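Could you put the whole structure together from the sequences, leaning on the hints where they help?
Line order of the protein sequences matches chains L and P. Residues 1 to 224 (the working numbering) are what the first sequence spells out, left to right. Residues 225 to 812 (the working numbering) are what the second sequence spells out, left to right.
Simulated from the structure, these hints should not be mistaken for laboratory data. The model shown is predicted, which means the values in this text are computed figures rather than measured ones. By construction, the Cβ of each residue, glycine as well, lies at the ideal position given by its N, Cα and C atoms. You can take every hint at face value.
Label pairs and their calculated CB-CB ranges:
1. L:T60 with P:L678: 32 to 40 Å
2. L:L36 with P:V483: 52 to 60 Å
3. P:V787 with L:L36: 29 to 37 Å
4. L:M1 with P:G294: 31 to 39 Å
5. P:R592 with L:V75: 33 to 41 Å
6. P:P761 with L:K52: 26 to 34 Å
7. P:I354 with L:T60: 40 to 48 Å
8. L:R46 with P:A727: 28 to 36 Å
9. P:T426 with L:V75: 33 to 41 Å
10. L:G14 with P:F733: 46 to 54 Å
11. L:L7 with P:A727: 37 to 45 Å
12. L:V43 with P:V734: 25 to 33 Å
13. L:R46 with P:R796: 23 to 31 Å
Output of the computed footprint for chain P on chain L, the stretches with three or more beta carbons under 8 Å from beta carbons of chain P:
14. 11 to 20
15. 150 to 157
Listed below, chain by chain, are the residues.
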Amino acid sequence: MHWWLPLKGSTFAGEIDGLFLAILIITGIAFVIVELGLLWFVVKYRARPGRKAYYTHGSTRAEVIWTAIPAVTMVALGLISNHYWVKIKGRNSVPPNAYPIAIHAKQFEWQVTYPGPDGRLGTADDFEVRNQLHVPVGRPVVIHLTSEDVIHSFFVPVFRVKQDAVPGMNINVWFQATVPGTYELGCAELCGLGHYRMRAQVFVHTQEEFDAWMKQAAKGGATS
Amino acid sequence: MTTVAATSHVAHAHHDDRSFVRKYIFSTDHKIIGIQFLFVSLFFLLVGGLLAMQMRWQLAFPGKPMPGGGILPDTMAPGGVLLPEYYIQLVTMHGTFMVFFAIMPLLVGVYANFLIPLKIGAHDMAFPRINMASFWSALLAGLIMLAGFFVPDGAPRAGWTSYAPLSARPDLSGASYGQMLWCISLVFLGLSSILGSLNYITTIINNRAPGMTWFRMPLSVWALFITAILGLLALPVLSGAVIMLLFDQTIGTHFFDPVAGGQALLWQHLFWFFGHPEVYILILPAMGMVSDIIANGSRKPIFGYHSMVFAIVAIAFLGWIVWGHHMFMSGMNPTLGSSFMVSTLIIAVPSAIKTFNWMGTMWRGNLRFHVPMLNAVAFVAMFVIGGLSGIFMAATPVDMFIHDTAFIVAHLHYVLFGGSLFALFGAITYWYPKMFGKLMSERWGKVHFWLTFLFYNCTFFPMHILGMAGEMRRIYDPSQYTFLQPYQPMRVFITVSAYLLFATQLIFFVNFWWSLFKGKKAPQNPWEDNGLEWSLPAPAPHGNWETVPTVYRGPYEFSSPQVPEDYLPQYRKLPTDREPARAPVAGH
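Right, dumping it as structure tokens:
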């Protein structure tokens with residue numbers, strides 16, 4: 001059990017975690033000001049006999065200050081966030097050389113279609129593996145995400161990537177894995193009674209490993 | 225018309241010869257209707273809590289028989305072990321009951337009804353019979369929803385948000401009648417809210433006492449007024465959407481199912497177009513009542529009254545243009561995500577104004593820590609956490625990670641429990657003497673407050689950590705995932721805290737009922753407050769005043785140098801006060 005975000009397993013995981021930390025610092029400052037302020041007032045201004053409260057209806061100056069500071073902070077935060085948002089999820093964000101994989105979600109499994117040795121989807125050498133996502137490290141991967149029945153959500157915590165799979169839509173989502181290893185992919189949208197067990201394994205291979213796996217899997221030796 | 229109705233109410237105030245049934249069951253008295261809403265929604269709050277307790281058992285001890293679970297039928301928990309299909313029914317019904325049948329009617333049904341006429345100096349609501357219809361419609365809706373547990377296939381299973389196509393297709397959800405009852409129930413609930421809102425808006429516009437100008441209204445009334453406008457505009461959208469969903473389930477339409485040309489995301493747009501204003505329906509009245517209580521407890525005028533009003537209006541307005549922030553990961557065009565992110569972040573500004581103005585009110589006050597004040601200060605302290613954690617998910621890139629995780633569960637409970645429910649514990653204690661003529665026990669109120677505050681934080685704060693680990697919401701058994709297994713001790717800690725939190729509510733329950741029969745008799749103005757309601761005996765008669773009081777000043781004139789006492793009621797005439805021009809459309 002650790003008390004922070006999980007391993008950073010993709011190129012944008014660091015950026016997302018950085019933004020998380022920045023927001024934690026900003027909100028942390030606000031949190032400390034408000035809670036300590038409340039505590040201080042509660043102790044200092046507790047009722048004592050014979051004292052009367054200070055009669056005032058407010059202060060325009062104070063109110064302008066505590067309106068302006070949050071306003072400026074929020075607009076700045078919005079602009080910074082939007083920079084990363086466009087870069088990670090924008091319509092044109094998918095790198096042109098991304099390796100294509102199709103994932104078809106259905107109650108309660110992930111059907112992963114690989115492009116085969118030719119590296120292109122929609123050709124004869126495509127093959128499908130259930131509940132196993134194999135990707136090469138250090139290369140952008142684009143997932144063409146569809147759903148058979150209800151809304152599911154493709155969620156790989158170490159990649160910091162989440163995207164709903166919506167029936168009737170074909171949605172592209174990309175990431176670039178940075179650390180070889182075995183991870184988990186889960187469904188993040190309530191999709192029925194088997195929602196909790198709609199999980200798959202994610203294998204991040206080195207390029208050589210990936211090529212070897214691909215060769216073997218294409219011949220039908222994949223564990224499916 | 226209004227004059228005739230008002231006159232007949234005045235006559236009632238003299239000699240109340242109505243039968244028991246007309247007086248307490250089919251009553252048109254706004255105060256009785258408020259109390260009816262109170263009893264019914266406290267019951268549903270208990271139901272929602274019991275459902276949560278069962279979920280917590282499964283999360284802490286997956287696969288182990290739940291104590292007392294043996295009484296559940298085999299379709300829910302054979303041998304006391306919860307089934308996954310029962311777990312998602314619990315998820316769905318906990319959210320549905322808490323949002324629609326506990327928090328919303330507690331805030332709006334109870335306090336809009338009870339407070340608006342008393343605080344603006346009206347004999348009753350503008351349409352007392354419509355008001356009665358609003359209550360009975362809400363009760364019917366709640367009973368229909370509850371019936372879901374007793375039909376074949378059990379309760380609905382698609383979450384309180386009922387995302388289609390899961391909710392639209394019994395073959396995919398496994399719930400048939402329950403899912404339909406969910407829709408039918410919400411049509412009646414929508415009707416109830418629309419009727420209520422219409423009444424509150426009309427009453428506030430037309431029936432204010434002489435001298436009760438807009439900017440002399442207490443912030444609770446302002447908040448309830450703006451909430452009513454939100455309700456009137458939002459609920460019809462929900463009603464339309466659930467009727468379409470019902471058609472999808474029953475007569476073969478495909479509004480939300482793509483297999484025959486429908487759009488899955490259409491449901492989400494319609495639901496959240498209602499749902500986000502709904503979120504503010506669940507917090508604005510709490511903010512209003514907390515403002516009243518904090519000014520009273522601080523013995524000071526509210527800091528920046530006008531900006532408090534404008535902040536309420538701003539939050540409500542912005543509430544209409546942020547619904548897409550629930551859909552950042554839904555496949556909606558990411559460019560729309562950008563604009564929804566900005567509008568969402570801007571809501572932090574009016575929220576900050578309100579928080580700092582509450583602190584400004586306490587600054588250099590003479591703070592009295594009666595039970596309502598303790599709860600109101602806790603509201604501010606906890607609402608801040610919920611508000612600040614909202615910024616994480618408003619930032620779209622961070623939302624990519626924390627969306628639909630336990631982090632969101634923590635956030636929404638900090639707003640709805642830490643916010644709304646603390647405000648409600650305060651409000652119930654504060655206006656209890658006006659409702660029943662008795663005071664609730666101060667000592668047990670304090671015990672309840674401190675234990676609730678402690679166990680509440682122990683229950684919900686760790687959920688932020690679970691969310692940061694990536695734990696998804698609505699998961700029947702998180703230990704299925706290797707990366708979530710190490711967090712089991714934290715889940716057990718949360719569950720134990722949740723049980724203690726639930727047990728603590730027993731203190732409130734006993735205090736509530738004991739005080740009703742054995743409580744100390746309340747003086748007319750127990751909190752030394754300025755509101756018009758305290759000019760009446762407690763409990764107040766049907767029709768409230770024989771002649772409505774005249775209002776000479778704003779509601780927060782505490783510690784005014786004009787009088788030796790530290791409060792100056794709105795209805796007290798000082799030699800320097802001039803008689804107001806009569807309120808233009810009052811008609812009393």
